[in-house]
Amino acid sequence: MDEIGLLEPFDRMLADLFSSATLRQIGRGELDPEIWITLESSGFLDALVCEESGGANLSFATVLPLFLAMGRRAVPLPVGETIVARALLAQAGSDYRLGPIVLGVPSLILPGAEHANFVLTEDSRGVKLQRLDGVETVGASRDPLSRKEPAIGMEEGRVTKTAPAAAVLYAALIVGASEAVLEMCVDYALQRTQFGKPIARQQVLQQNLALASEHVVAARMACETAVRHSSWPSPLAAASAKLIASRAAPVVAGIAHGLHGAIGISGEHDLNLLIRRIHASRLAGGAENYWAGLIGREILADPRSTLDLVREEMFS
Amino acid sequence: MFSSFSLSDIPGADEEFRSRARDLAASAVANMPMDRRARSWMGFDAKFSRRLGQAGLIGLMLPEEYGGAGLGPFSRFVIVEELLSAGAPVSAHWIAERQSAPLLLKFGTETQRYKYVPGICRGEIFFCIGMSEPNAGSDLASVRTRAEPIDNGWLLNGQKIWTTNALHSDYMIALVRTSGTPEDRHKGLSQLIVDLRLPGVEIRPIRDLAGDEHFAEVFFDNVELDTSALIGEEGKGWQQVAAELAFERSGPERIYSSLVLLDGWRQHLRNSGRSDETTARTLGSLVARFSSLRAMSLACTAQLALGESPVVEASMVKDLGTAFEQDIPRIVGDDLASHPEEDVDQDLYKTLAYIEMICPSFSLRGGTREILRGIIARGMGLR
Chain A
262 MDEIGLLEPF DRMLADLFSS ATLRQIGRGE LDPEIWITLE SSGFLDALVC
312 EESGGANLSF ATVLPLFLAM GRRAVPLPVG ETIVARALLA QAGSDYRLGP
362 IVLGVPSLIL PGAEHANFVL TEDSRGVKLQ RLDGVETVGA SRDPLSRKEP
412 AIGMEEGRVT KTAPAAAVLY AALIVGASEA VLEMCVDYAL QRTQFGKPIA
462 RQQVLQQNLA LASEHVVAAR MACETAVRHS SWPSPLAAAS AKLIASRAAP
512 VVAGIAHGLH GAIGISGEHD LNLLIRRIHA SRLAGGAENY WAGLIGREIL
562 ADPRSTLDLV REEMFS
Chain B
186 MFSSFSLSDI PGADEEFRSR ARDLAASAVA NMPMDRRARS WMGFDAKFSR
236 RLGQAGLIGL MLPEEYGGAG LGPFSRFVIV EELLSAGAPV SAHWIAERQS
286 APLLLKFGTE TQRYKYVPGI CRGEIFFCIG MSEPNAGSDL ASVRTRAEPI
336 DNGWLLNGQK IWTTNALHSD YMIALVRTSG TPEDRHKGLS QLIVDLRLPG
386 VEIRPIRDLA GDEHFAEVFF DNVELDTSAL IGEEGKGWQQ VAAELAFERS
436 GPERIYSSLV LLDGWRQHLR NSGRSDETTA RTLGSLVARF SSLRAMSLAC
486 TAQLALGESP VVEASMVKDL GTAFEQDIPR IVGDDLASHP EEDVDQDLYK
536 TLAYIEMICP SFSLRGGTRE ILRGIIARGM GLR
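Sequence order for the protein chains is A and B. Just so you know, we're using this note's numbering here: the first sequence kicks off at 262 and counts up by one. Just so you know, we're using this note's numbering here: the second sequence kicks off at 186 and counts up by one.
Simulated from the structure, these hints should not be mistaken for laboratory data. Where a beta carbon is used, it is the ideal one built from N, C-alpha and C, also for glycine. Keep in mind that the hints are not guaranteed to be accurate.
[Unchecked claim] Residues from chain A shown here face chain B by an in silico Cβ test under 10 Å; the list is partial:
#1 Cys311
#2 Met482
#3 Thr567
#4 Glu574
Generate the whole structure from the sequences, applying the supplied hints.
In structure tokens:
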């Protein structure tokens, strides 16, 4: 399936499923079960599952645009997590059609865990699923930044198959949401008039938005790098993607809020729906320093030039 | 936003230039102290440029009939990143290859193309660019240097400033006024090739804050040029300069200026046996940033390969890339100064001190940060 042929129906489905009103409902803890039924029957959840197990057998690179689209639509459910988890379960020969799954990587928060049935964990023996029923959640009913305990107990810093996939997923969610925020910013700047002219005419504002867009493009490129050369994201390139995207997050949030002024702080304005996802995806699965440390420990003793190291480890 | 801007691989045929460029760069820098290698962009070495030319590593993307190899921009990308990463002195042929030759191919006469471009590809003819004047920096349309039409040519009077390599170049491509007044702005400007050995040309080098003399003031006192000096159309200089700046600004090479320092610092970390978490994070963050910038540069090069002029995208690479280049001395300085117990090689310290002082120029040359962000803002539909 070509990428555009895949993206268009997927994005249309997301637009139908996740209107601003629905996002607010889900934020209040009210999830219509029909949403997950629609997602399940669409087949997209099996995108990364191999053909023998009944999946679409798509590459990670082909699925990246779907992750970006989920970011743009501020999807608060663990859809991407479930896509990744199903691939890993199918590889292990396990049953995978089990409803929403979150990824049990070392993490402050597991976004969407309050809507999930299972958490997938991975150790040296492989992956396993754990039911989430009865596990305490922090503020699950109201705050999408809920935290589930099963994340704790992972061996700090150990790279599994799950961790790089989660890193690229969260990075892509940041990028997608940030692209949508930038578009909102441009629209608002052209339409909002102050001092007798659209605020888009203010040079400082132009410069700030240019800077924010640079960070977002850099983060998207880092995501593309991580999925380009192998069927599964390579650890160092995935680490870079999450680092660069997490670094972009506060830049985008700060500039977007500065531009919108007080209206952006109001709960009714849609800006906060996206900004909330950006922060959540930054804090999920390790932020800047976590991944910087991982990369650094890997390469501190490496005698190759920086150019060779990056070429050989991230671009091939 | 910017969705057609996407990562691309380097075609295998272009990768094949890597080892040749690497070997030549290694031989050029073999006995060079680190702080001289750090001058790469500004290192003028005519012999090295000729060696590159003989090895067929200059002008690969220019047409074969003018001495090039008719290849795509990825070949140049590979060669450039090897030369800059090693700190080889690229300055002599750099400007001519990157913008003068493409400009002549686009707007020049057949005679001009054959006269200059093959020599550029051989690394034998060097060009400088006469744009800035004392009162025309970012605001180029206010140039005052004037060429009056005379019988069989032009009479040139005025002054250029901050002209890189003027002292060592054979020719300057100058943006000058050929009609009207500075108030006419974009109208009445033209581009002329000035042979810098002609009577009436005076070049005074300007010493920079690091003690180097790479740029200069150039004075024109009744310099007589023949008609063949004009590039393209009289009065169309502004449009031509915009196209020329697009060649300069769409180049993907604005991320490598501090790599020599970064590699020198990494060597120091290994020598000192560092393995602490703070150091790991500092290094990891820089390497991740370099990786994302290289991906952006490759995406830019892919657009060039499609025949596009990715000025907005290249401005993004340059703004973010020069910020990275400027952060390296800040971060390395903080790190080394926070480990007074370690012995720091004099070579490394001198390199740090040099880059620290010169790095503000990284976001000036080829268009300031503010100009670049203005270009990006236009690309976003804000202006």
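> Okay, which hints does this one fail, numbers in order?
Replying inline: 1
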